[in-house]
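Trainee: Each chain, letter by letter, is given below.
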Amino acid sequence: EAAVTQSPRNKVAVTGGKVTLSCNQTNNHNNMYWYRQDTGHGLRLIHYSYGAGSTEKGDIPDGYKASRPSQENFSLILELATPSQTSVYFCASGDRTGSYEQYFGPGTRLTVL
Amino acid sequence: GEQVEQLPSILRVQERSSASINCTYENSASNYFPWYKQEPGENPKLIIDIRSNMERKQIQGLIVLLDKKAKRFSLHITDTQPADSAMYFCAASRSGGSNYKLTFGKGTLLTVTP
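Residue numbers (our numbering), protein chains in the order written: chain S, 1 to 113; chain C, 1001 to 1114.
Think of the hints as simulated: they come from the structure by calculation, not from any bench. A portion of the hints provided could be inaccurate.
Stated by the list, open to error - The calculated SDA-like cross-link candidates involving lysine to any residue, where the alpha carbons are at most 20 Å apart (straight line), are:
#1 K65/S with K1101/C
#2 K1101/C with Y100/S
#3 K1045/C with V14/S
#4 K1045/C with G40/S
#5 K1037/C with R44/S
#6 K1045/C with Y100/S
#7 K1101/C with S49/S
As the list claims (entries may be wrong) - To be clear about the criterion: a stretch of chain S counts as covered by chain C if any three or more of its residues have a C-beta under 8 Å from a C-beta of chain C, and this derived list gives those stretches:
#8 61-71
#9 84-90
Where a beta carbon is used, it is the ideal one built from N, C-alpha and C, also for glycine.
Using the sequences and the accompanying hints, generate a full structural model.
Mentor: In structure tokens, the structure reads:
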């Protein structure tokens, strides 16, 4: 069974503060993704990575940075958090060969006050 | 890029009837079309997918149809049960090589009433 974990599961941050969301996968997948989910918008891709050391901009990258220090770990960084970044964030992993299924983590609920 | 439109946004059906969700995409190079189900408070999970070399795929009570000319694909849930109540997302991707990312529709909230 694929295993993607996220921490923290819930986070309250202040406007202007720095927030780091962490994701770990034990699937040995090359690709990892960060999405945000908002009512009425579905799942939108923020950043993704093909492997350790690589990060790519997704469809809504503004205000976010990403870091992939290893095959297993992928972080999403909000340097200056704003209330508009209040959302549920999902990390996912997937392989680039064979099945194209993406396996999602449990999500992180972020509230920026 | 890719844009995916999903309709309806809300769908309410009676138990044992069928439910249909439709999606359209823009990029004719897209070749992979998955459907994800998300239950309240949970993460999205893949339930069925179809690739561009197929027109129809069925897994038990789930049927996916793909019309490449119209750039349209759809999910049909037959003999619905209350357990089918959830949010459903379609997605499209141009897969291949190392560049693989999904563009999701905005979702359909399905409610199956007893």
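Trainee: Does each hint hold? Answer for all of them.
Mentor: Each hint tested on the structure:
Restraint check for K65/S and K1101/C: the C-alpha separation of about 18 Å stays at or below 20 Å, so the hint holds. Of the pairs offered as hints, the one joining K1101/C and Y100/S holds, with about 9 Å between alpha carbons and a cut-off of 20 Å not exceeded. Between K1045/C and V14/S the CA atoms are separated by roughly 32 Å; this puts the pair beyond 20 Å, and the hint is violated. Under the criterion of a C-alpha separation no larger than 20 Å, the hint pairing K1045/C with G40/S is consistent with the structure, at around 19 Å.
At roughly 16 Å between alpha-carbon atoms, K1037/C and R44/S fall within 20 Å of each other, so this suggested pair holds. Proximity of K1045/C to Y100/S is assessed by CA-CA distance (about 13 Å); at most 20 Å being required, the pair is judged to hold. Between K1101/C and S49/S the alpha-carbon distance is near 10 Å, which keeps this suggested pair within the 20 Å criterion. For a cut-off of 8 Å, the count of residues in the region 61-71 of chain S with a CB near a CB of chain C stands at 0, and the three-residue condition is violated.
Counting residues of the region 84-90 of chain S whose beta-carbon sits less than 8 Å from any beta-carbon of chain C gives 1, not enough to reach three: the coverage restraint is violated.
Violated hints for the displayed structure, listed by number in ascending order: 3, 8, 9.
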